[in-house]
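There are 2 protein chains.
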Amino acid sequence: MKTMNIYQEGTFSDKAMKKSLVHDSPYFRIINFNFKAGQELPIHSHELEGELSIQVLEGEGEYLAQDGTLPAKAGDILVCAISEPHGIRAKTDMRVLVTIAPPL
Amino acid sequence: MKTMNIYQEGTFSDKAMKKSLVHDSPYFRIINFNFKAGQELPIHSHELEGELSIQVLEGEGEYLAQDGTLPAKAGDILVCAISEPHGIRAKTDMRVLVTIAPPL
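If you're matching them up, the sequences are chains V and U in order.
Going by this note's numbering, the first residue of the first sequence is number 1, and it counts up by one from there.
Going by this note's numbering, the first residue of the second sequence is number 1, and it counts up by one from there.
Hints listed in this document are in silico derivations from the structure and should not be mistaken for laboratory results.
Since the structure is predicted, the reported quantities are computational estimates derived from the model, not experimental observations.
Please note that the accuracy of each hint is not assured.
Same chains, same label: a pair holds when it works inside one copy or across any pair of copies.
To be verified - Here are the simulated DSS-like pairs of lysine-lysine, each with C-alpha atoms no more than 30 Å apart in a straight line:
#1 Lys-91 to Lys-2
#2 Lys-91 to Lys-73
#3 Lys-18 to Lys-36
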């Protein structure tokens with residue numbers, strides 16, 4: 001059993017999004033991404049079994065999908081297959097939590 | 001691919017904590033629990049393989065563990081084995097997201 005605080009651990013960078021590993025195990029990987037306004041996790045996919053969630057903790061932006069974008073604001077959560085193209089772009093500073101099961 | 005908003009979907013009840021299923025698949029189950037101040041998810045465990053996370057979205061309370069309690073506030077995330085005793089109690093109204101991998 002372990003606890004951490006995402007807001008205290010996760011920092012921002014003017015150069016590019018900041019990625020912090022929250023947890024990794026054979027069951028799931030949890031990653032915190034912090035974006036300054038304008039930064040993004042570019043759309044991508046992996047040919048692997050499994051699913052992931054992209055949860056917005058703070059701020060506002062848009063999810064990137066193969067066929068366009070979807071609004072992404074605090075409380076929103078997207079779930080998709082790891083093999084489906086996905087990404088996110090920040091309009092304001094933004095904290096995001098990604099969970100991948102099972103890990104890549 | 002699907003999106004939802006945890007804050008819009010999840011309601012509160014004066015009678016007991018409110019549980020809403022966010023997502024369920026062979027890979028992970030995501031559940032939103034909303035607690036009014038004083039409500040709790042009592043400490044429990046299951047003799048199953050896997051891990052879970054308990055993430056505080058809003059509010060304040062305490063995690064329940066076999067050997068005592070740990071503070072739980074917005075941004076905190078606890079990760080433990082499904083077989084380890086775990087629970088949470090709200091001091092203020094509280095929104096929590098639980099992820100179980102693989103699902104029970």
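Inset, instruction - Indicate which option fits the pair Lys-18, Lys-36 if close means a Cα-Cα distance not exceeding 30 Å: within, between, both or neither. - result: within (9 Å within a copy, 34 Å between copies)
Legend entry - Alpha-carbon proximity context of Lys-91 and Lys-73, limit 30 Å: both (10 Å within a copy, 26 Å between copies)
Inset, instruction - Using 30 Å as the alpha carbon limit, work out where Lys-91 and Lys-2 are close: within a copy, between copies, both or neither. - result: between (32 Å within a copy, 21 Å between copies)
Of the numbered hints listed earlier, not one is contradicted by the structure.
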